[in-house]
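Chemist: Here is how the chains run, residue by residue.
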Amino acid sequence: MSPGQAAWARACLALDLLCADPSRCRGMIVRARSSPVRDVFLEILNRKLGPVRRLHPTMTREALLGGVDFAQTLATGKMTKSTGVLDQNRPCVLTMAERCPADTAALIARKLDTDPSFVLVVLDEGIDADEAAPVSLSERLAFSVSLDGIGRMEATPHSSTDTQPVQSAAVGRKTPQSLRALTALAARLGIDSLRPPKFAWSVAQLIAASAGRDTPNEDDARQAAELVLAPRARHLPEQEPDQQDPQPEAQDTKRPRSPESQPDDMLVDAVRAVLPPDLLENINNSDVSRSKGSGAGQRTRGNRRGRPLPSRPGRLDGTSRLDLVATLRAAVPWQGLRGKSKAGPIRVYPSDIHVKRYEDKSDRLIVFAVDASGSAALARLGEAKGAVELLLARAYATRDHVALVAFRGDDAQILLPPTRSLVQTKRRLADLPGGGGTPLANGLKTAAELAQHGRSQGLSPLVAILTDGRANIALDGSVDRTRAKEDAKGIARWMRHAGVPSIVLDLGMRPHPALAALACEMGANYTPLPRGTAERMSETLNAAMDHGLGT
Amino acid sequence: MTPAFPFSAIVGQDDMKRAMILTAIDPKLGGVLVFGDRGTGKSTAVRALASLLPQITVVKGCPVNTETPKDVPDWANLETKELTSSSTPVVDLPLGVTEDRVTGALDIERALTRGEKAFQPGLLAQANRGYLYIDEVNLLEDHIVDLLLDVAQSGENVVEREGLSIRHSARFVLVGSGNPEEGELRPQLLDRFGLSVEVRSPTDIDERIEVIKRRDAFENNPKNFLRRFRPKDKEIRERILDARKKLAGIETKKAALQDCAQLCVALGTDGLRGELTLLRAGRAMAAYEGATGLTRDHLRVVAPLALAHRLRRDPLDEAGSVTRVTRSMEEVLV
Chain D
1 MSPGQAAWAR ACLALDLLCA DPSRCRGMIV RARSSPVRDV FLEILNRKLG
51 PVRRLHPTMT REALLGGVDF AQTLATGKMT KSTGVLDQNR PCVLTMAERC
101 PADTAALIAR KLDTDPSFVL VVLDEGIDAD EAAPVSLSER LAFSVSLDGI
151 GRMEATPHSS TDTQPVQSAA VGRKTPQSLR ALTALAARLG IDSLRPPKFA
201 WSVAQLIAAS AGRDTPNEDD ARQAAELVLA PRARHLPEQE PDQQDPQPEA
251 QDTKRPRSPE SQPDDMLVDA VRAVLPPDLL ENINNSDVSR SKGSGAGQRT
301 RGNRRGRPLP SRPGRLDGTS RLDLVATLRA AVPWQGLRGK SKAGPIRVYP
351 SDIHVKRYED KSDRLIVFAV DASGSAALAR LGEAKGAVEL LLARAYATRD
401 HVALVAFRGD DAQILLPPTR SLVQTKRRLA DLPGGGGTPL ANGLKTAAEL
451 AQHGRSQGLS PLVAILTDGR ANIALDGSVD RTRAKEDAKG IARWMRHAGV
501 PSIVLDLGMR PHPALAALAC EMGANYTPLP RGTAERMSET LNAAMDHGLG
551 T
Chain P
1 MTPAFPFSAI VGQDDMKRAM ILTAIDPKLG GVLVFGDRGT GKSTAVRALA
51 SLLPQITVVK GCPVNTETPK DVPDWANLET KELTSSSTPV VDLPLGVTED
101 RVTGALDIER ALTRGEKAFQ PGLLAQANRG YLYIDEVNLL EDHIVDLLLD
151 VAQSGENVVE REGLSIRHSA RFVLVGSGNP EEGELRPQLL DRFGLSVEVR
201 SPTDIDERIE VIKRRDAFEN NPKNFLRRFR PKDKEIRERI LDARKKLAGI
251 ETKKAALQDC AQLCVALGTD GLRGELTLLR AGRAMAAYEG ATGLTRDHLR
301 VVAPLALAHR LRRDPLDEAG SVTRVTRSME EVLV
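Those protein sequences? They're chains D and P, same order as listed. The first sequence begins at 1 in the numbering used here and counts up one residue at a time. The second sequence begins at 1 in the numbering used here and counts up one residue at a time.
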């Protein structure tokens, strides 16, 4: 079976199991962009789950949970309440879940918590790892299915017959081996939450029950691990904590790693086989990117632009805009009391006026690109870390977002995607090792891309580059001093062209003229990092940042 | 609706359970904040609390759960004022809730159908004399947070809107939970919570397996499971009731007061709320343990709960605030 066929078979199996016992599995996340394969899958899904209700991320509370049906009430003169979509006892499909705001997700999550018969399918069209369905939802659903890499021809319409509901046997006093193995495996994959291993166990039981067995055997556990645990893995099972890249130490120590907790090798192999190939790339980021809620950044509320929020009672003072519909809705119930008006069919009092509110994202994002190469380490990597920490404290005060890129050896790494979690940043920074070549061009490129990405999400980015400027690794990873310099220059020009605001901080023992030239190429503000006390350094940096941010 | 998972069946998470029990003994402690990883049983514990708590006497049909007929607000328009017992209310305040729903607003139904101006009580009224639970409190909209703070402080909900002018008592224990990685809580709100708990996933494999087994057993057969844990829940409930009676009689020596003050000075907590909460929590703990007086042992247990969230924040300090409290305790309470 080709990898695509295997993935398709897994997706179909997940669907079968969901239909077999919806109250245990609760639902699934389908991570795929709109494609023919997804269409085939959804068709099967619709057929098996029966009529479904579609939810979309911008649905209001009233639409989800029900409320007063104004049109009907006014027309008939009797109180009519509308039923919320969630209360219609039908499976729901949440589309474009990566855009789902936290409050909508919270309402749906509460429904999942309180109503065991509610089934939810989440369609997640996110592209990057940091664009995903809200964790509060994905946590509560058993399956996570990715349809990437499945060819249209491999997605055969599923041939299985209607699945029968199955009742799995209760666990006795003795802990079955497969339960122990699944729990240990979840811990080893870095899954902190206890919901996924619980789901894995339920799924293993289901598979066993549908095959007529009482307790799940190794094969059932393997399938369950593939379906439930593998998509949520945060690090590869063979990695030992001390070999890991800058994984924060504190996080590792809290994960169980006692020798007896080692799951069966077979399970580990099974999971490894189905791990997404780009897991390694996302591994260091997944922790963070999954943990920053729904949005890209801090939101500011206003009444001018952005995404609409529920309107609030207010006054028309020239700065706000009238929400006509909400105002009328507020006025309508009163008409009986206010009596007939000669002026028009409806009497609106000032207290009815509702004004529009919008939510806008316009926070600042500071991308630190830190040179951790051998030459910089020799010079002043420690001081640079200290300097970044000072800046972080400042970023904390002004509620800026920070991201951290380190470049050393032959490539650049995003140690931390944009976040406001300072503790994380601090840990990643402290764990940053030094040594190796200086892939300056790579570092610049990664940082600039991150900044561009941040901008597309409505942040105002600034790239702060801390380097000694002695580039010796070219973009393609080859050791070639001349080409490395040319590449760095090229990227610098591109950054200027793309309008990425940046500042360059020279880490060298002495200011490096080539770096000043590079900064000029970039249109950046060049600042040699002064020697001396931390306060002086912080003063200089603050000044440079203020300049860079244009404040 | 499924029955709630029993409180005594929650594996581990002793701090969280202790904090909840303490607020049940002394509701004046001012609420619990539970911060931590996902899937650690935060919401489960709060929902379990409702069935754990003892029954309260209320006026039948009263929208604000008053205890005596004379306290029933006029706007409730109750005809009969007989007493009945009901379970302690635990009200869920979801994210994205509107101001109307929280404070109460014009009763649209009556206005539309009968043209009457009437007040429809909100979540704050429902939560009176009970618990108000906010999941993901750190993501709550600012204007709702301000409103809650105001009411939690004064114990009274004042509605002045849409031509209505109504006030009713709203005394409740605020329970918040959230994941700090998704957003920080404003310090003003942080300080209003009496106790705070940090929860982590259990690190022991056997403990994790036990969690999964119990959850599985509960889902398989809730009735059997509830029956299995009912005696334990009852035992806790009786201890809480017992402790409530004893609470007033707990002897507090001057030395204990001194310990509280010294601990707070050493930690540099802002204001005096820290000392007061520490003292109250210590006494509730002593009552729960069946002791006659407040001792250092009780303080040791509750100090991290009462003080950890009141420390001056040092965003770059690696050591968690609980560690800092423990460190200071070792120095002060020798």
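A few of these clues could be false.
[To be verified] One-sided excerpt, in silico: chain D residues whose CB lies under 10 Å from chain P:
no.	residue
1	22
2	23
3	67
4	113
5	135
6	139
7	184
8	191
9	194
10	195
11	196
12	334
13	335
14	349
15	423
16	508
[As the list claims (entries may be wrong)] Not close to chain P: a few residues of chain D, all C-beta gaps over 10 Å, as computed:
no.	residue
17	19
18	33
19	36
20	46
21	47
22	106
23	110
24	136
25	187
26	197
27	332
28	346
29	351
30	364
31	489
32	509
What the hints contain is simulated information worked out from the structure, not anything from laboratory work. It should be emphasised that the depicted structure is a prediction, and the values quoted were computed from it without experimental measurement. Yeah, the Cβ is synthetic: ideal placement off N, Cα and C, and Gly gets one too.
Chemist: So, against the hints stated earlier in the document, which numbers end up violated here?
Modeler: 1, 16, 22, 23, 24, 25, 26, 27, 29
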